[in-house]
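Each chain, letter by letter, is given below.
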Amino acid sequence: MTAPSILLVEDDVSLRMLTARALRENGYAVRTAATGAEMWVMLEAEPAELVVLDIMLPGASGIELFRKLRRQSDVPIIFASARGSEEDRVLGLELGADDYIAKPYSARELIARIGAVLRRGGGEGLSKGDERTSEVHFEGWTLSLSRRELRSPSGAMVDLTGAEFDLLATFVSHRQRVLGRERLIELSRTRLGDSSDRSIDVLVSRLRRKLSASGSEPPIVTVRGVGYMFKAEVRRS
Amino acid sequence: MGPRRMGFRRLGLTERLLAILLLVAAVDFVANTFLFDSATTTAVQRDDAARIGEHLALAARAVAREPPQDRADAVRALSTSRFMLAWHPQPSPEELRSSDPELVESILSAGPELAADGQRLVVLHTHSSREVAGTLVLGDGSALRFHTYAGEVSVQLSLWQILPMLLPTLILGALAWFMFRATMRSLQRLVSALRHIETPNPGGLPEQGPDEVRRLIRAFNQMQRRIQRQQAERTRSMLAIGHDLRTPLARLQLRLDGAQVEEETRAGLEHDIGEMRQLLESLQAFVEAGGTQIPPQRIDVAIMAATLVDSAADQGLDAHYDGPENCEIMARAVSIRRALANLIDNALHYAGNVRVMLACEPGAVIIRVEDDGPGIPEDRMEDVFQPFFRLDTARTRDTPGMGLGLSIVQAAVRLEGGTLALINKRQLDGEGTGLAAVIRLPVPDKVATA
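Going down the list, the protein sequences come from chains A and B. Position 139 of the first sequence, counted from 1, bears residue number 139 in the working numbering, the numbering being contiguous throughout. Position 152 of the second sequence, counted from 1, bears residue number 152 in the working numbering, the numbering being contiguous throughout.
Read the hints as simulated data drawn from the structure, not as lab findings. Heads up, a few of these hints could be off.
Claimed, not checked - Selected chain B positions facing chain A (Cβ under 7 Å, derived; list incomplete):
(1) I241
(2) H243
(3) R251
(4) Q253
(5) D257
(6) A259
(7) Q260
(8) V261
(9) R298
Glycine included, every Cβ here is placed at the ideal spot set by N, Cα and C.
With these hints in hand, go ahead and build the complete structure from the sequences.
Have a look at this one:
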């Protein structure tokens, strides 16, 4: 398997080099661009599997660049911003960015995000046709994978901890399948890793409580002695 | 509202103006009375002197016309009960011994002919200032004696006479009080506007009232615009500093990630970078909390609070949630979440424990974040809302952040039209220690049912 190729668009020389080095060390093939123009040249020469785009670039703004890029290709895009404002994040995700990361970020953080976006793109349980799925619907609930948000049937935002979100995302992409505890931990590892020693059971029970908000039965059932299963019908958009 | 101190009341402007008016009226009244009194007295004396002069002149003329043997009778006929006259061929030496020159003067000025050649007037007050007696020595050496009582003129003012005179003053005072109050109303409006200076007031206050107050309002409006400009300026520069620091900080982080350093050093550096990152985040949050473009959305604030508590509990901290499972409101998720997180972090930092209680009532959601820590000294209660204020002194400083936490909470809550109150539990429940932060968010009727 060849290393996933990533295009890093960042105007700060040192940061560009440092980020590229960190990504290479983690097994990615990285090309870099300092401006939008350079980015087009690079993409022209060879397509990338993911673009990390600085939102504030000289010349054309990252957002302009993003719009243009989105029109031309389906390549996953992660926004990197020095503004770190909530409005920026919302705007970026609304425009259809696959993730948003605020500076300063650590190598581990960036790699985790890139891994998550790439996994989502070609993840298990997804058919080829809807690789770019960002929203999942079940029993009136809406789970936005890109914004990491869950909305209740009444449209209210329902907060999840990072671990809870990852667990739910795992359940949703493995619906109608019984998952053992070890398998769940393995699949949800990105966030669960350093969060706590809490057992998966606690997380599942919290998720169930949150998902029974509308008074209906929670869609996660216990399979005695084996693990859990997500039984609801899932529709993607 | 400060504590009410009994026995010491500060007069308002209206009362002060009224007091000035009444003082002026009182001084005026006293002065008038005094002047009236002395004027009356002089007038009375002058009238008396003139009367005496006239009578004496007439009597002297009558004496001159009569032969000496008839003079005594003629003069007696001129006597009245109030002005007694008698004629003697010779004055007795003692009756000429003393005289009141002032009285002589005033009588002579009323009857100049009395001062004719060879005549001499001797006058004295006898028993009282109202009783005058004297002798006019005529040209032929005979004496014309007189004794008179001045008219009983009362200049003594009784209470019943003063009262009607005071009545206009009293009515005037009442009238003045109402007028003063009306004049002061514009000033009072200004005062209440000043109290709410933090709420943005783009149009400024309308310029109303008397000229001075108008000028004051105009100056106030200008000042408010200046403050708003400065705040906007400060916000911009804070954001600019934040942006500029983020890139080098990102470099620092990545350099550390790729560097070969001892694990202990790495942990220290990671911690420092993390703290700087937090500082930048709280600065950003503080700047954004004042006003954001993000519209409110439907959120489940009960789940939000419970999730924050769960996250803290997952890290092994003493955190509990007590409230309903669900409570949907319209609010800005990010700022409310940050507000709750700040309160929970504060409680955990200062007290080591936190209890979040939520009541989802029709019309309002009340969220109480409390701890069993030392609370806040009553005299610092106001200070803790100030940006960049920290309760721990610089020496013992171990609190992360810039002292923006509660300012951010307050701004976030205000953005939703809610209120934030900090109360020491001793004050609230009468016992125990610890602090309770109470957020009250209004819920419009149509949203509450869902």
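Hints that the structure is at odds with (numbers, increasing)
1, 6, 7 and 8
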